[in-house]
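Protein chains in written order, with our numbering: chain A, 27 to 446; chain B, 103 to 594.
Hints are computed from structural coordinates only; laboratory data are not their basis. Glycine included, C-beta positions come from ideal geometry on N, C-alpha and C. Treat the hints with care, as some may be off.
What the hints assert, rightly or not - Distance windows between CB atoms, simulated: (1) A:D193 to B:A130: 49 to 57 Å; (2) B:A233 to A:A112: 18 to 26 Å; (3) A:A39 to B:P293: 18 to 26 Å.
Stated by the list, open to error - Sample of chain A residues with no beta-carbon within 10 Å of chain B, all distances over it, derived: (4) P57; (5) P63; (6) A233; (7) G350; (8) R359; (9) D362; (10) E369; (11) D399.
Unchecked claim - Coverage of chain B stretches by chain A, computed from C-beta distances (three or more under 8 Å per stretch; other residues unrestricted): (12) 136-142; (13) 148-160; (14) 565-574.
Next come the chains, spelled out residue by residue.
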Amino acid sequence: MSDIASRIEAANAETLRRILAADPVLVDVIPAHEALPRLREKMILHAGPPIEWARMCGPMRGAITGIAVFEGWASDLRDAEAKAEAGAFQFEPNHHHDCVGPMTGMTTLSQPLLVVENRAFRVRAYCAINEGLGKVMRFGGNDDEVLTRLRWIRDVLGPALGAALRDLGGVPLKPLIARGLSMGDEMHQRNVACSSLLLRTLAPALARKVSDPYALSAVLDFIGRNDQFFLNVAMAMGKSISMPAEGVKDSSIVTVMCRNGTDFGVRVSGLGKEWFTAPVEMPQGLYFPGYTIEDANPDMGDSAIVEVVGLGGFAMGAAPAVVGFIGAGPASRAADFTHAMAEIAIGSNPEWTIPSMDYAGVPTGIDIRRVVDTGVVPMINTGIAHRKPGVGQVGAGTVKAPITCFEKALVAFAREMGVS
Amino acid sequence: MSVVINEVRRGLYLDSVALMRMSREIAALPEVEEAGLMMGTPANKEILRNAGVLDATGEAAAAGDLVLALRAATKVIADDALAAAKKLLDQPKQQTESGSSWKPRSLRAAMTLAPDASLALISVPGDFAAAEARKALSLGLHVMMFSDNVSIEDEIELKREARARGLIVMGPDCGTAIINGAPLAFANQIPRGRIGIVGASGTGIQEVSCLIARLGGGVSHAIGVGGRDLKAEVGGISTLQAIDWLDEDPDTDHIVLISKPPAPSVVNAVATRIGESKKSFTVCFIGAAHTSLHGDARLATTLKSAAELAMGKKLHAHTAHVGKGAARGRFVRGLYSGGTLCAEAQVLFRDAGVAVASNAAIPGVRKIASGDHGHLLIDLGDDEFTRGRPHPMIEPSVRDQPLREALADPSVGVILIDLVLGFGGHADPAGHLASMLKGRMGEGPIIIGSVTGVEDDPQPLAAQTRKLEEAGVIVAPSNADAAALALRAISD
Numbered sequence: 027m028s029d030i031a032s033r034i035e036a037a038n039a040e041t042l043r044r045i046l047a048a049d050p051v052l053v054d055v056i057p058a059h060e061a062l063p064r065l066r067e068k069m070i071l072h073a074g075p076p077i078e079w080a081r082m083c084g085p086m087r088g089a090i091t092g093i094a095v096f097e098g099w100a101s102d103l104r105d106a107e108a109k110a111e112a113g114a115f116q117f118e119p120n121h122h123h124d125c126v127g128p129m130t131g132m133t134t135l136s137q138p139l140l141v142v143e144n145r146a147f148r149v150r151a152y153c154a155i156n157e158g159l160g161k162v163m164r165f166g167g168n169d170d171e172v173l174t175r176l177r178w179i180r181d182v183l184g185p186a187l188g189a190a191l192r193d194l195g196g197v198p199l200k201p202l203i204a205r206g207l208s209m210g211d212e213m214h215q216r217n218v219a220c221s222s223l224l225l226r227t228l229a230p231a232l233a234r235k236v237s238d239p240y241a242l243s244a245v246l247d248f249i250g251r252n253d254q255f256f257l258n259v260a261m262a263m264g265k266s267i268s269m270p271a272e273g274v275k276d277s278s279i280v281t282v283m284c285r286n287g288t289d290f291g292v293r294v295s296g297l298g299k300e301w302f303t304a305p306v307e308m309p310q311g312l313y314f315p316g317y318t319i320e321d322a323n324p325d326m327g328d329s330a331i332v333e334v335v336g337l338g339g340f341a342m343g344a345a346p347a348v349v350g351f352i353g354a355g356p357a358s359r360a361a362d363f364t365h366a367m368a369e370i371a372i373g374s375n376p377e378w379t380i381p382s383m384d385y386a387g388v389p390t391g392i393d394i395r396r397v398v399d400t401g402v403v404p405m406i407n408t409g410i411a412h413r414k415p416g417v418g419q420v421g422a423g424t425v426k427a428p429i430t431c432f433e434k435a436l437v438a439f440a441r442e443m444g445v446s
Numbered sequence: 103m104s105v106v107i108n109e110v111r112r113g114l115y116l117d118s119v120a121l122m123r124m125s126r127e128i129a130a131l132p133e134v135e136e137a138g139l140m141m142g143t144p145a146n147k148e149i150l151r152n153a154g155v156l157d158a159t160g161e162a163a164a165a166g167d168l169v170l171a172l173r174a175a176t177k178v179i180a181d182d183a184l185a186a187a188k189k190l191l192d193q194p195k196q197q198t199e200s201g202s203s204w205k206p207r208s209l210r211a212a213m214t215l216a217p218d219a220s221l222a223l224i225s226v227p228g229d230f231a232a233a234e235a236r237k238a239l240s241l242g243l244h245v246m247m248f249s250d251n252v253s254i255e256d257e258i259e260l261k262r263e264a265r266a267r268g269l270i271v272m273g274p275d276c277g278t279a280i281i282n283g284a285p286l287a288f289a290n291q292i293p294r295g296r297i298g299i300v301g302a303s304g305t306g307i308q309e310v311s312c313l314i315a316r317l318g319g320g321v322s323h324a325i326g327v328g329g330r331d332l333k334a335e336v337g338g339i340s341t342l343q344a345i346d347w348l349d350e351d352p353d354t355d356h357i358v359l360i361s362k363p364p365a366p367s368v369v370n371a372v373a374t375r376i377g378e379s380k381k382s383f384t385v386c387f388i389g390a391a392h393t394s395l396h397g398d399a400r401l402a403t404t405l406k407s408a409a410e411l412a413m414g415k416k417l418h419a420h421t422a423h424v425g426k427g428a429a430r431g432r433f434v435r436g437l438y439s440g441g442t443l444c445a446e447a448q449v450l451f452r453d454a455g456v457a458v459a460s461n462a463a464i465p466g467v468r469k470i471a472s473g474d475h476g477h478l479l480i481d482l483g484d485d486e487f488t489r490g491r492p493h494p495m496i497e498p499s500v501r502d503q504p505l506r507e508a509l510a511d512p513s514v515g516v517i518l519i520d521l522v523l524g525f526g527g528h529a530d531p532a533g534h535l536a537s538m539l540k541g542r543m544g545e546g547p548i549i550i551g552s553v554t555g556v557e558d559d560p561q562p563l564a565a566q567t568r569k570l571e572e573a574g575v576i577v578a579p580s581n582a583d584a585a586a587l588a589l590r591a592i593s594d
């Protein structure tokens, strides 16, 4: 008994060490076909654990048909739907390719991807560029406006960002996040500080690298108008931090949490690449005028990777303005959520601290044993998509990770440890 | 026809989250169809337009302006809703009480709040108690297990593990402890003093510690060990540990040991340990016939005599309240909330040669049979009365029905009751009992009782005693005295 416990403690300490030792740097933006060696024609990477077309939710289907048209694999949305139905596309999770994507999380060959290199471990993780607010593909939008914007991101924004980042030699993200936390961001629902800090860093390099003043203006305007621009950077960073933490024998620490609008999926360090899934829950939150919970789709996206590394719901204490999203409790209680998440984390991050909590580090390293033991599940800050394809975002809120995932994982973990 | 109404506040920026909350509040007003408070960015205006709440006023807003837009059934309702929205915008920010509302859900998290904590009190359903106790031990905490329904195998394993770690498990089913002056679970506000108590019985510890206090003494520590600790299987692990500690404790001069009669093998181990001690002992194995002790140890047969021996003083007994043979009915009916108090009463009856029956019979006392009509001493804290209900110390109404029956029974001459005060107990047990006895004018059985408590308890002793006396109860200075008075009342 105590021998097994001490093996787990030692393994978890190693997992936590790897998470905390990370040195993530935003180094480049390159097309997905260059970044992901196993990505092929008519292969569509999506958010969450594996799922087939038949079980996909409305917004996921909307995004699939949109991206198929965008890539030229279908003449229009209808054609794309027929082809998807007929099995013309191959679907795989982003996480199978060192990649993440918000909400529907579409990743295909021609999209430019943010590249975050974890220099401490020489691994790279990827995420597409944030499309902005309103009608966008990550919320299932797929009309001309959406596709036109994606083309501009591919042809103008992506190359500009890549050139600027190479010119700068990369932007170290750990100190940037630390400043963002002190400015009220938690890097999931609120990225206004980090987006601004990043733009401030990038702007001179963009000016050097983008010769057309109209293109430069458009790039600066696009980033400047999008408070959530940094989210996708934070996600790629989260993936780059958690990748070296995967596969530590005997470790019960969560390395992936993600959702595809149908299932919630969890991976655990000591259990390698195995997925533990359960039906995903509805987010609780606030809706834009004209929408109610009746319109909402169950939760989606790989963005919960930021909670895996101690941000988002775990860093709520840093972001009192976000607390209102859960629709209960005043902003002054923000720290309560971070305290609650500390119950299921094995440590905290001394470099990412929360000033109003006397500089306590964000809780880091979710232990499936503690989740099942306490019944406290990870809280994830999230956006809410319309359940129908093509409509887009209708609100924002929080979602609780279903405890069933953790129970299933714990049973498998016990078996792995030789405990019946 | 619905009415759309917009207002624009130029240059007022508010966080979108705050605005969404206000929007929801306004939209929820009766007959308001839709409402949106948003900054006037093109994207937001599009949302408002699609929701059918944007008019020309709102259309003209710039990105830095706040748009209040709503649609309602009539102009009057729309105007009222707009006024409400403006009020929400303009009201001073609500001040909530400072400080965190966060309560830890796990022992480990609680330890981060109280890093110097040394003891965990576990009060969860029995099925989960052993697991929580194991966690507490692994965190280096002593354990008081208030929970019952813990298997004896778990108890043995936990106590062995604790001993190996230099920790103690008090319990399971440990109702009372006082550690470093802190009353835990059901305990009284006893002054600190130089007498240590080790007890396998909660109400036994309470009665002895209260009588010590009334005799002018105090308690260093009262360590509960749980009702099964002195069984052969457990072997008195916690009792022996507790004796070790009190033996070493410079603030303890004398040690009182209270328990039901232990298993013979355990008596030997305990007696041997007492013989090795440098301190003096009073041992009260309630209901035991004969016990041989070694060393500086005196044997007490009742809780009262245990307190008196420990203090070297006698409690004032004023038995003049009850005349010899004063009772009209022939029999005594004891209705006890404290199990050990019920046992102590049985000792007095048994040793006086008066045949008595109990649902929790001590050695030499008959177990109650159905239709039994003699002297009956009933432990109302026993499972048959508390299944699915709180213990009578928490909820005194458990005694109501048996009390009504006894009051109406012409064969009952004396009703014996106890009242246990202290932390964890009912806020006003005397008041409850008095309300049951209202309107009785010297008819029926004599009611004799005692109050286990001290003046500093949450229910002060004197006030509780007065309420009982005003309700016609004869209040004895101790439970043993109450039983003695009952015997006197029925004697020839």
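Status of each hint after checking the structure:
Range check, A:D193 to B:A130: Cβ separation about 52 Å, and the 49 to 57 Å hint holds. Our hint of 18 to 26 Å for B:A233 and A:A112 is violated, since their Cβ atoms are close to 53 Å apart. Our hint of 18 to 26 Å for A:A39 and B:P293 is violated, since their Cβ atoms are close to 48 Å apart. Against chain B, the non-interface label of A:P57 holds: every CB pair exceeds 10 Å, the least being about 28 Å.
Residue-level check passed: A:P63 sits 37 Å from the nearest beta carbon of chain B, beyond 10 Å. Every Cβ of chain B is farther than 10 Å from the Cβ of A:A233; the closest lies at roughly 24 Å, confirming the non-interface assignment. The claim that A:G350 is not at the interface with chain B is violated, since a C-beta of that chain comes within 10 Å of its own (minimum 4 Å). With a least CB separation of 6 Å from chain B, A:R359 falls inside the 10 Å interface cut-off, contrary to its annotation.
Taking the minimum C-beta to C-beta distance to chain B, about 4 Å, the non-interface status of A:D362 is violated against the 10 Å cut. Residue placement check: A:E369 does not keep its beta carbon more than 10 Å from all beta carbons of chain B (closest about 4 Å). Distance check on A:D399: its Cβ comes as close as 7 Å (rounded) to a Cβ of chain B, failing to clear the 10 Å threshold; non-interface status is violated. Note: the stretch 136-142 of chain B has 4 residues with beta-carbon separation from chain A under 8 Å; the three-residue rule is met and the coverage holds.
Here the stretch 148-160 of chain B counts 7 residues with a CB under 8 Å from a CB of chain A, which clears the bar of 3, and the coverage holds. With 0 residues bearing a CB less than 8 Å from a CB of chain A, the stretch 565-574 of chain B misses the requirement of three and the coverage assertion fails.
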